[in-house]
Structure formats: C-alpha cells, structure tokens
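Protein chains in written order, with our numbering: chain V, 1 to 299; chain H, 300 to 397.
Treat the hints loosely; a few may be bogus.
[As the list claims (entries may be wrong)] Simulated coverage check for chain H against chain V, where a stretch passes if three residues somewhere in it have a Cβ under 8 Å from a Cβ of chain V:
1) 333 to 340
2) 356 to 366
3) 372 to 379
[To be verified] If you anchor each label on the Cβ, the simulated ranges turn out as follows:
4) 178/V with 319/H: 37 to 43 Å
5) 320/H with 149/V: 38 to 44 Å
6) 333/H with 81/V: 15 to 21 Å
Honestly, the hints are just simulated from the structure, not real lab data.
In this text, all values refer to a predicted model and were calculated from it rather than measured experimentally.
Virtual Cβ for every residue (Gly too), placed ideally from N, Cα, C.
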Amino acid sequence: GKAAEPRPAFTDEAVQALLYKMTGIDLHKVFRPVKKELKPPQYKLMTEAQLQEATRKAIEEAKEKLIMPPVLDEREPIDDVLAEDKFLEGTETTKYVFTDLTYSTPHRERFIVVREPNGVLRKATWEERDRMIQIFFPKEGRKVIPPALFKDEHLGNVFQQDRHEDVLNMCIAQFEPDSPDYIRVHHRTYDDIDKHAKYDLLRSTRHFGGMVWYLVNRKRTDGLLIDMINRDLLDDATSLITLYHMLHPECQSAKEAKEGELKGVDLIKVFVKTESQREGYIQLALQAYEEAMATSTAS
Amino acid sequence: RPFFRIVAAHSKRARDGKYLEQLGCLDPLPNVHGERVAGLNLERLRYWLGCGAQLSRPAEKLLGLAGFLPLHPMTVTGAERLRQRRQREQQVGTAPVD
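One chain only, chain V, in its complex shape (with noise of 0.2 Å):
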C-alpha cells in the first residue's frame, strides 16, 4: 500500500502560515497601552506617506509580538543514579543539592546532582533543576516557587475574570515549554475557552495558534468554525479547513476536497457535511452569513 506522510509538525512552514493568518493583527489591541507610568498622549503630525510609513512599521513590530511560543511533548522524567554508597547511610539527615555554577554552559546540560542521605547520588528531577536554576540564575517573571494559581482550582476563578491570556503569559514566563505543569495550564485554557465560545479573547495575540493546533489535533473545530462563520471570516474558516486536511489526510472531507479541488463556501459545507458534530449549528450560521452577503450586494 501507500506509505503515509509523515504528520506535518507545529512548526512546519505551511501549518505556521495558515496559523498565522488565522490569529489576524488586530493592531488596536496588540498594541493595548500596558500599565505604566501616567503620561499625557503625545500627538504628532504627519502626511499621508509618513502615516502609511508608520503603519508599516507597527505592522512589523505586531509580527514580532505575534510570535508563537513552541508547542513540544511532555518531557520525560529524569531517573538516573551516579554512584550508590551505601556505607554513607546515617551520616546526614537532609539531602544535599549540588549545581554546577559555570556561566557559559547552557542551562539544559547543567549538572544539578543530588546525594541523599542513604548515600545514593543521582540527578536531580527536573522540578528540582527548574528551582535551582531560578534560585542561582533568576530569570524576570519567574518565582522559585510556583505561585498557586497554576492550581486547578484557582484556574477556574482566573476563567470567569476573562483572563486567559494574562494566565496564559505568566504560564510561558514561569514553565518551561515541554514541563507538564505548562501544558497542563494550556489544555485547561484551551478547553475553558472551548466549552464557553470565547475564541475572541485570544483572536490578536501569540496564543491563538496554539489553541487552534491543539483543537484540530483533537477533532473539536466546531464552535470555532461557528464564531469564524459568525463574525464573517470565511478566509479564516477555509484555512481552519484545510490546516484539519493537513492533520487528518484520511478522513472523508478530505479526500472530497482533493478530488474535486473545492474552494471557499464549497469545502465549509463538504466539511460539515462530513466531519462536524454541530451540523445544524454551521448550517444556520452559513445560511445567516449569505443572506447577510445577498442583502448587502442587493442594496
């Protein structure tokens, strides 16, 4: 038989670039005024092409915010011992945690062993290599100690405050990308934001990529496909499409679209057709979107 693709990853070209131009640039609120010190509005004055000039360049700066932070699988854990000396046991009653200090070694091949008090010394687990670090090269942003809102229980009040995104880049500045804490803050936003349909929280900023990946890898682009449909982003909708093409090659939408080559409001409605649990949910918000289209190219 055939042999299969290997699956496109998060940071292939093509899957980066339909992630991209989902995420949209809203400048108005990338570029939301972050609090700082009270200073009156400065105004300037400008002609057209110095306008279009800084436009340009704002533009450029918003691509740069609008980085995504990488998506990685859990890490496996640490578990290796160094020496056993038995003979050592009784001797101490705490264990000791050594870091190796040099500057230049970068921080995932320190040596962070720990000798405990029966006498074996073995590598430290990473919760304890991320607290040394931090303790010996602070990073800005990051506690020793995790603070307890990355719990489940105090998530929840964070989610009906409507702060996902801020939850979302304290996880990035204190967890490393691969840690389970991380992705475990960012499964619990990405399903919260799912159950109640408030995709546009994270619409203009650098976590909307994130969630639309892990939402194709899991089959659940329903209520996202509504509130593109809803809000009019059919560019958004078809590349929503075939980014699940792209993930899911052997499911039925997409070999229809391959065969027949379908674009725009065809491959949504083979999509639905097939693929989507909410039918009747996409059929209504398709039919209300080309009614809306109709009347406004009728008057």
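We have chain V; now place chain H onto it with these hints.
Same frame as chain V, now just chain H:
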C-alpha cells in the same frame, strides 16, 4: 544564620577576609523542601586546581559528596565510627535490661 562561601584565597588570610574569587556557596540549613542547597563553579574550580591550589579538608569532603572528586576517606571513616558508636550505645541501652 550561617552561610558558607566556597572561595579561592591565600591560605594565610583570615576566614572571612579578602579572597581572590568566589567559587560557590553552601547553605547548611535545610530549606522548605528539606534540601541543603550548594552551588559550585566547576569550571573556575578546575582552573584554580590547575594553577596549583590546595583544597581544605571540608572543601574536599564537600566535593567528594558532590561527586566531583572521589569520596574522601575521612567521610567513610566518619560514617564507620558513627555506626560503631550507635551500635555501642544500643548495646549499652539493651544490656542492663537483659
């Protein structure tokens, strides 16, 4: 609250006096997670050892525990002595009961 600095200095200097370079630290009291935190700048340590520095006995013991040097023989003897003392105490404790 004690806090030790692992340091490269002239041997005639006072304990807390001027040193050439700080190579690490040790906090002997256990922290919230029950660990005694120690940091060692191994690259600079190797440089000073290469220049011909001698290690003091507590420094040798610490590096032996860390695994950078082989375990110091006094650590082993210390452990043996402690075990024997505890055994003797246990025997003294149980003997009058017998």
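How the hints compare with the structure:
no. : hint                         : in the structure
1   : 333 to 340                   : holds (count 8)
2   : 356 to 366                   : holds (count 3)
3   : 372 to 379                   : holds (count 5)
4   : 178/V with 319/H: 37 to 43 Å : holds, 40 Å
5   : 320/H with 149/V: 38 to 44 Å : holds, 40 Å
6   : 333/H with 81/V: 15 to 21 Å  : holds, 19 Å
Violation of the numbered hints given earlier is absent; every hint is satisfied by the structure.
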